[in-house]
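**Student:** Quick note, the sequences are listed as chains A and B, same order.
Quick note on this note's numbering: the first sequence kicks off at 3 and runs consecutively.
Quick note on this note's numbering: the second sequence kicks off at 7 and runs consecutively.
Because the hints were derived from the structure by calculation, they are not lab data.
Since the model is a prediction, treat every value here as computed from it, not as a measurement.
We put the CB at the ideal spot given by N, CA and C, even for glycine.
Take these hints with a grain of salt, some might be off.
As the list claims (entries may be wrong) - Using C-beta positions, here's what the derived DEER-type ranges look like:
1) Ser96(A) with Ile185(B): 34 to 42 Å
2) Gly168(A) with Val251(B): 19 to 27 Å
3) Arg138(B) with Gly110(A): 45 to 53 Å
4) Leu117(B) with Gly168(A): 43 to 51 Å
5) Ser140(A) with Arg138(B): 27 to 35 Å
6) Gly72(A) with Arg138(B): 39 to 47 Å
7) Glu27(B) with Gly123(A): 18 to 26 Å
8) Asp40(B) with Gln59(A): 49 to 57 Å
9) Thr169(A) with Ala157(B): 53 to 61 Å
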Amino acid sequence: MSAAQSIRIAVAFAREISRSPEAHLCRACADVLVVAGAGITIMGGTAGGGPVCVSNQRMAALEDLQFTLGQGPCQDAFVTGAPVHASRLDVAASERWPSFVDLAHATGVGAVFAYPMTSHGAKVGVLTLYQEDQGDLSQAQHEDSLAVAEVLTETVLSLQAEATSGTLASGLEDAVAYRAEIYQASGMVSVQLHIPVDEALLRMRAHAFASDRPISVIASDIVARRLRLGEDPPGVARPVRG
Amino acid sequence: MTEHEHPGPDRQARAAHAFVEIVDTLVDRFDVIDVLTLLASRCVELLDTSAAGILLVDDDGNLRVMGASTEQIGLLELFQIQNEQGPCLDCFRNGVVVTNADLAAGSPWPLFAEQSIAAGFLSVCAVPMRFRDLTIGCLNLFVGPPRALLAADVTLARALADVATIAIMQDQATRAAAIREGRLQSALVSRIAIEQAKGMIAEHSRVDMEEAFTRLRNFARSNNRGLTDTARALVAGRISIDLIVATRLAHERRTH
Numbered sequence: 003m004s005a006a007q008s009i010r011i012a013v014a015f016a017r018e019i020s021r022s023p024e025a026h027l028c029r030a031c032a033d034v035l036v037v038a039g040a041g042i043t044i045m046g047g048t049a050g051g052g053p054v055c056v057s058n059q060r061m062a063a064l065e066d067l068q069f070t071l072g073q074g075p076c077q078d079a080f081v082t083g084a085p086v087h088a089s090r091l092d093v094a095a096s097e098r099w100p101s102f103v104d105l106a107h108a109t110g111v112g113a114v115f116a117y118p119m120t121s122h123g124a125k126v127g128v129l130t131l132y133q134e135d136q137g138d139l140s141q142a143q144h145e146d147s148l149a150v151a152e153v154l155t156e157t158v159l160s161l162q163a164e165a166t167s168g169t170l171a172s173g174l175e176d177a178v179a180y181r182a183e184i185y186q187a188s189g190m191v192s193v194q195l196h197i198p199v200d201e202a203l204l205r206m207r208a209h210a211f212a213s214d215r216p217i218s219v220i221a222s223d224i225v226a227r228r229l230r231l232g233e234d235p236p237g238v239a240r241p242v243r244g
Numbered sequence: 007m008t009e010h011e012h013p014g015p016d017r018q019a020r021a022a023h024a025f026v027e028i029v030d031t032l033v034d035r036f037d038v039i040d041v042l043t044l045l046a047s048r049c050v051e052l053l054d055t056s057a058a059g060i061l062l063v064d065d066d067g068n069l070r071v072m073g074a075s076t077e078q079i080g081l082l083e084l085f086q087i088q089n090e091q092g093p094c095l096d097c098f099r100n101g102v103v104v105t106n107a108d109l110a111a112g113s114p115w116p117l118f119a120e121q122s123i124a125a126g127f128l129s130v131c132a133v134p135m136r137f138r139d140l141t142i143g144c145l146n147l148f149v150g151p152p153r154a155l156l157a158a159d160v161t162l163a164r165a166l167a168d169v170a171t172i173a174i175m176q177d178q179a180t181r182a183a184a185i186r187e188g189r190l191q192s193a194l195v196s197r198i199a200i201e202q203a204k205g206m207i208a209e210h211s212r213v214d215m216e217e218a219f220t221r222l223r224n225f226a227r228s229n230n231r232g233l234t235d236t237a238r239a240l241v242a243g244r245i246s247i248d249l250i251v252a253t254r255l256a257h258e259r260r261t262h
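The shape of chain A in the complex, shown without the other chains (with noise of 0.2 Å):
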């Protein structure tokens, strides 16, 4: 990173985090690398995670269908660990990841990319861009790309590095919470089914997928008791009557 490049980013931060209190952080990132929209998502493995912040909604629900389906560039980037460029949302986009980019063309977002938050072989998370119109990201916005990922991962660790051990940071608390619903309702399914959480969780996926809808909803009805996934194949839900 140089020296032009930290300060640039550690300015556009500050300049957020003195707005307010709660850092905007995404904004921030949005701001300093002169994109549409960001978003970061802490994740952990199989374990899943969450966003930690969205500069605005229209990202929120890209983020959330990603985590629905369990694919899209994000996925791929965590997985793979390098920076994955979807300048073009177009056929070769669309088949890779089709309903991602049915609903990033529907909220007009032209291009996406996707940066792992690393550091040292330690994968934290992704820090993804919007932009409206399709094309590259320049070869400066590239390299800053990357560099706020880096200073986001080491945000990332140390505020976990402060937190008491087996909880997590107040900073990081949101990952978790805004998928809480999501959560209870597998450990509702996992009982209700007899199948373990990560395979109820499957089921919601399923479900969610099959119906069109996010698995955001699917999780609230399922809490509220106003849905029971069926023992039939996934997809196949009854409501509940009475």
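Assemble the complex: chain A is given as a structure, and chain B must be docked to it using the hints.
**Tutor:** Showing chain B alone in chain A's frame:
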């Protein structure tokens, strides 16, 4: 090789091989003792020295004997630490090469000189293990007869020490990152497990999430277990959900 012999092509090839060996330790499972033992033994083979020893600084800033080509050298190194004097300590403190070609002719370390001469080493050279401004230890080369190492030998020793230092620093950074990542992962898993456990209890006992959490916490407390530990055990199927409900019923009977 004698002191008059110039480094030939054979030695260059062996030196290159030594570098590759040290770098290779980074590829597979890294073991700091392996690297240091390799460094000490290659120094003795490639340089005009009789023995080598290595001190590394620990987390608390104290030097420790980490590698030696012989037991005797290990003791000599330990002696320097215990008496707080010797070429290795000066080298470590100042981050520079420290040499003494004839200990019998006088040195700033009388106690060390006495021991070294008694062990048959009249000449020493201490090479810092440095990465940028940070000195993490010292490579000590011992020579039997009272004569200085060739400049080319000192240069090669420094280069070998540098590569070993980079290998060690890289391993430490990776290890530290893995520990920090592990803490994040485990905190995430715990937090998620609590939500999943709440869902399981809520479904099983037909209560809301808040009540489910209270029951989970009560069970954990009355069994002297941590909350996250209990949640993870329940989710993993290591404790039965019936057990948590049963505890609850017993608790109610006692309190009503």
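**Student:** Determine for every hint whether it applies to the structure shown.
**Tutor:** Now for the hints, and whether the structure bears them out:
1. Ser96(A) with Ile185(B): 34 to 42 Å: holds (41 Å)
2. Gly168(A) with Val251(B): 19 to 27 Å: Roughly 25 Å apart at Cβ, these two residues keep to the hinted range, so it holds.
3. Arg138(B) with Gly110(A): 45 to 53 Å: Holds, since Arg138(B) and Gly110(A) (Cβ atoms, about 48 Å apart) stay within the stated range.
4. Leu117(B) with Gly168(A): 43 to 51 Å: Given a distance of about 50 Å, which is inside 43 to 51 Å, the answer is holds.
5. Ser140(A) with Arg138(B): 27 to 35 Å: Given a distance of about 32 Å, which is inside 27 to 35 Å, the answer is holds.
6. Gly72(A) with Arg138(B): 39 to 47 Å: holds (43 Å)
7. Glu27(B) with Gly123(A): 18 to 26 Å: Distance hint for Glu27(B), Gly123(A) holds at roughly 23 Å.
8. Asp40(B) with Gln59(A): 49 to 57 Å: holds (53 Å)
9. Thr169(A) with Ala157(B): 53 to 61 Å: With Cβ atoms ~57 Å apart, the hint holds.
When each numbered hint is compared with the structure, no violation occurs for any of them.
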